[in-house]
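Residue numbers (our numbering), protein chains in the order written: chain A, 89 to 205; chain B, 58 to 170.
Hints are not guaranteed to be accurate.
Keeping only pairs whose Cα atoms sit at most 25 Å apart, straight-line, the calculated SDA-like set for lysine to any residue is [unchecked claim]:
(1) B:Lys127 / A:Thr192
(2) A:Lys108 / B:Gln169
(3) A:Lys152 / B:Gln169
(4) A:Lys152 / B:Pro151
(5) A:Lys129 / B:Lys113
(6) B:Lys113 / B:Glu62
(7) A:Lys154 / B:Gly97
(8) B:Lys83 / A:Arg125
(9) A:Lys152 / B:Arg150
(10) A:Lys152 / A:Gly104
(11) B:Lys83 / A:Met133
(12) A:Lys102 / B:Lys127
(13) A:Lys154 / B:Gln167
(14) A:Lys129 / B:Arg107
Output of the computed footprint for chain B on chain A, the stretches with three or more beta carbons under 8 Å from beta carbons of chain B [claimed, not checked]:
(15) 165–176
(16) 194–203
Keep in mind that the hints were calculated from the coordinates and are not lab data.
Note that CB positions come from ideal geometry on N, CA and C, so glycine has one too.
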Amino acid sequence: GAVVSQHPSWVICKSGTSVKIECRSLDFQATTMFWYRQFPKQSLMLMATSNEGSKATYEQGVEKDKFLINHASLTLSTLTVTSAHPEDSSFYICSARDREGLNTEAFFGQGTRLTVV
Amino acid sequence: SQQGEEDPQALSIQEGENATMNCSYKTSINNLQWYRQNSGRGLVHLILIRSNEREKHSGRLRVTLDTSKKSSSLLITASRAADTASYFCATARPDTGRRALTFGSGTRLQVQP
Chain A
89 GAVVSQHPSW VICKSGTSVK IECRSLDFQA TTMFWYRQFP KQSLMLMATS NEGSKATYEQ
149 GVEKDKFLIN HASLTLSTLT VTSAHPEDSS FYICSARDRE GLNTEAFFGQ GTRLTVV
Chain B
58 SQQGEEDPQA LSIQEGENAT MNCSYKTSIN NLQWYRQNSG RGLVHLILIR SNEREKHSGR
118 LRVTLDTSKK SSSLLITASR AADTASYFCA TARPDTGRRA LTFGSGTRLQ VQP
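So here's chain A without its partners, still in its complex pose (with noise of 0.2 Å):
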């Protein structure tokens, strides 16, 4: 099946910091990417909608400026946390679909747990 690559897997890092998350599609090409946040033991919710070429689209309460989403490319689209702080410690995932996918699976990377300090 398609793979999707999200790098890294974790991360420390000092509050006030900013860190970069990529997600890459690796053998198909993604025109939509979709960025989640996952608290422990709880469920996956949509932080945005990340678009080949255009602006994110971003869900209510997430702040746009503090999550910021390139996708520059077809297979490549990067989340940036920046001025990190305590509160957004979390695991975060990215997942794309194919082009044709209304129908198919979703395909996801493999996490990036995310600790500010």
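Fit chain B to the known structure of chain A by using the hints.
Just chain B now, with coordinates in the frame of chain A:
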């Protein structure tokens, strides 16, 4: 906002027993999907059932869908310790052109060896 609910929230069974998880959703759907998540990992797709299907099998998995009740169930037969994971149902969000998924609250399954 979270689309649907799953029950039970947690389930602990012995190896060899069957595990049943239920999911409810709120909007109209083209299909419903089930995913598995090992602790601290990404999600793995298990099975997709279309809105015009009532039941689907894949190996030890059996999924049912009742669109009149907006509910689905996942049955894992003859469970193994390796089945220990969280299981989520997911449906496509109509407001995203049915591309983004919204997930149920999940069931944490523990299979005791």
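Hint check results:
no.	hint	in the structure
1	B:Lys127 / A:Thr192	holds (20 Å)
2	A:Lys108 / B:Gln169	violated (39 Å)
3	A:Lys152 / B:Gln169	violated (43 Å)
4	A:Lys152 / B:Pro151	holds (22 Å)
5	A:Lys129 / B:Lys113	violated (28 Å)
6	B:Lys113 / B:Glu62	holds (21 Å)
7	A:Lys154 / B:Gly97	holds (24 Å)
8	B:Lys83 / A:Arg125	holds (21 Å)
9	A:Lys152 / B:Arg150	holds (20 Å)
10	A:Lys152 / A:Gly104	holds (17 Å)
11	B:Lys83 / A:Met133	holds (16 Å)
12	A:Lys102 / B:Lys127	violated (45 Å)
13	A:Lys154 / B:Gln167	violated (37 Å)
14	A:Lys129 / B:Arg107	violated (28 Å)
15	165–176	violated (count 0)
16	194–203	holds (count 7)
This entry does not satisfy hints 2, 3, 5, 12, 13, 14, 15, going by the numbered hints stated previously.
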